[in-house]
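Protein chains: 2
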Amino acid sequence: MKLYSSLGPNPRLVRMFLVEKGIEVERIHLDIITGENRSDDYAKKNVMQTTPTLELDDGTLLTESTVICEYLEEIQPNPVLIGSTPEERAETRRWARRIDQEIAVPMTMGFRGGGGRPMFEPRMNVVSTEAAAELSAMSDKHWLWLDAQLGDKDHICNDKLTLADLVAFCFIKFGGTVGWSLPDGADNLTRFAAKMEERDSAAIWRGEE
Amino acid sequence: MKLYSSLGPNPRLVRMFLVEKGIEVERIHLDIITGENRSDDYAKKNVMQTTPTLELDDGTLLTESTVICEYLEEIQPNPVLIGSTPEERAETRRWARRIDQEIAVPMTMGFRGGGGRPMFEPRMNVVSTEAAAELSAMSDKHWLWLDAQLGDKDHICNDKLTLADLVAFCFIKFGGTVGWSLPDGADNLTRFAAKMEERDSAAIWRGEE
Numbered sequence: 001m002k003l004y005s006s007l008g009p010n011p012r013l014v015r016m017f018l019v020e021k022g023i024e025v026e027r028i029h030l031d032i033i034t035g036e037n038r039s040d041d042y043a044k045k046n047v048m049q050t051t052p053t054l055e056l057d058d059g060t061l062l063t064e065s066t067v068i069c070e071y072l073e074e075i076q077p078n079p080v081l082i083g084s085t086p087e088e089r090a091e092t093r094r095w096a097r098r099i100d101q102e103i104a105v106p107m108t109m110g111f112r113g114g115g116g117r118p119m120f121e122p123r124m125n126v127v128s129t130e131a132a133a134e135l136s137a138m139s140d141k142h143w144l145w146l147d148a149q150l151g152d153k154d155h156i157c158n159d160k161l162t163l164a165d166l167v168a169f170c171f172i173k174f175g176g177t178v179g180w181s182l183p184d185g186a187d188n189l190t191r192f193a194a195k196m197e198e199r200d201s202a203a204i205w206r207g208e209e
Numbered sequence: 001m002k003l004y005s006s007l008g009p010n011p012r013l014v015r016m017f018l019v020e021k022g023i024e025v026e027r028i029h030l031d032i033i034t035g036e037n038r039s040d041d042y043a044k045k046n047v048m049q050t051t052p053t054l055e056l057d058d059g060t061l062l063t064e065s066t067v068i069c070e071y072l073e074e075i076q077p078n079p080v081l082i083g084s085t086p087e088e089r090a091e092t093r094r095w096a097r098r099i100d101q102e103i104a105v106p107m108t109m110g111f112r113g114g115g116g117r118p119m120f121e122p123r124m125n126v127v128s129t130e131a132a133a134e135l136s137a138m139s140d141k142h143w144l145w146l147d148a149q150l151g152d153k154d155h156i157c158n159d160k161l162t163l164a165d166l167v168a169f170c171f172i173k174f175g176g177t178v179g180w181s182l183p184d185g186a187d188n189l190t191r192f193a194a195k196m197e198e199r200d201s202a203a204i205w206r207g208e209e
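Chains A and B, in that order, are what the protein sequence lines are.
So in the UniProt record's numbering, spot 59 of the first sequence is number 59, and the numbers just go up one at a time.
So in the UniProt record's numbering, spot 79 of the second sequence is number 79, and the numbers just go up one at a time.
Note that identical chains are pooled: a pair holds if it fits in a single copy or bridges any two copies.
In silico lysine to aspartate or glutamate, DMTMM-like type, Cα no more than 25 Å apart, as pairs: (1) 195 to 154; (2) 173 to 152; (3) 45 to 58; (4) 45 to 159; (5) 173 to 197; (6) 173 to 121; (7) 21 to 74; (8) 21 to 88; (9) 141 to 102; (10) 44 to 87; (11) 2 to 87; (12) 153 to 184; (13) 44 to 102; (14) 21 to 87; (15) 160 to 74; (16) 44 to 154.
Hints are computed from structural coordinates only; laboratory data are not their basis.
In isolation and in its complexed conformation, chain A is listed as follows (with noise of 0.2 Å):
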């Protein structure tokens, strides 16, 4: 398997996952910043030239960050970072599922269409810088309602590490990388994200890839 990754939250989010499963993969670093993810060789395995991108050996290619790691959980069931049950299964789903799209899609947007406009408006659609600071700003709120959903617990759910902690940890780091950082009262998020700091797979968030 070859993983075609990049900077952002949505790469570094397999290459995580890859980590806490054990799983060595060869890795191909596009840099984005230069536009190497925009080529035609690229888009012939990325019709819409993101990343992270799965290269199977048989040449299967695999997108979207979530949908590579349940292939990755499907292929390799340990460490279980997703769930053993379909109920448990559902629920590490439905914490992914609001994080990806409650707080992940908005900040995404908002970043976009705001700071990120400089590089992306030339790429894809972005919002107006007005609609980016709105989108942000729903995020923030959204940040919050899940703070206060964590509560002191460690985890998201399921009472162990698993996928959900993993993006809501990649977009809180990724948010560290353009200076943004998680709202005032966000006391549980702060505390979580420091404690998934010390793992092994967190380390990628230190390097220059």
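With chain A fixed as given, assemble chain B onto it according to the hints.
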């Protein structure tokens, strides 16, 4: 199993999925116009007070439409609507997530802050009218992108009916209930929707619940 459902694309997605699977469940209809989903009782079942919620016989509560569909596929694999191999499942999930994130999320946020404002503004965070218009326009651009990806195929992926088709169809149908229609030029999706309309499962869109 008991399904708490209502009007809207997400509960109806699960209902179509159930019909396609041939699974019958007890169904409790919540009138979201009058706010039956805003009750304290329902909040105990679903902290976000969204629909649908699937209550299992042991009291376990599942939420999020695509997550419930994944659960139903796991407990009853046939007919296959997500996939019968890890690769096939990854392909369906990839498309379902792209439609969810690139189309359904901005379309929903656009509706809530636009035409749906009188109902949604008192209930949740909605964006301004201006931002809503931008999000709706972005969603329309992405519908045209999906139209190009569909081309002359009958199904979005895997050469057969999948969850991805059902997600796309449910958001097209939902749009139809609130005065929206596919953007000009989306001829492939128009043909796709007409074909989907012939399925028995599409009949739920003709009911009042």
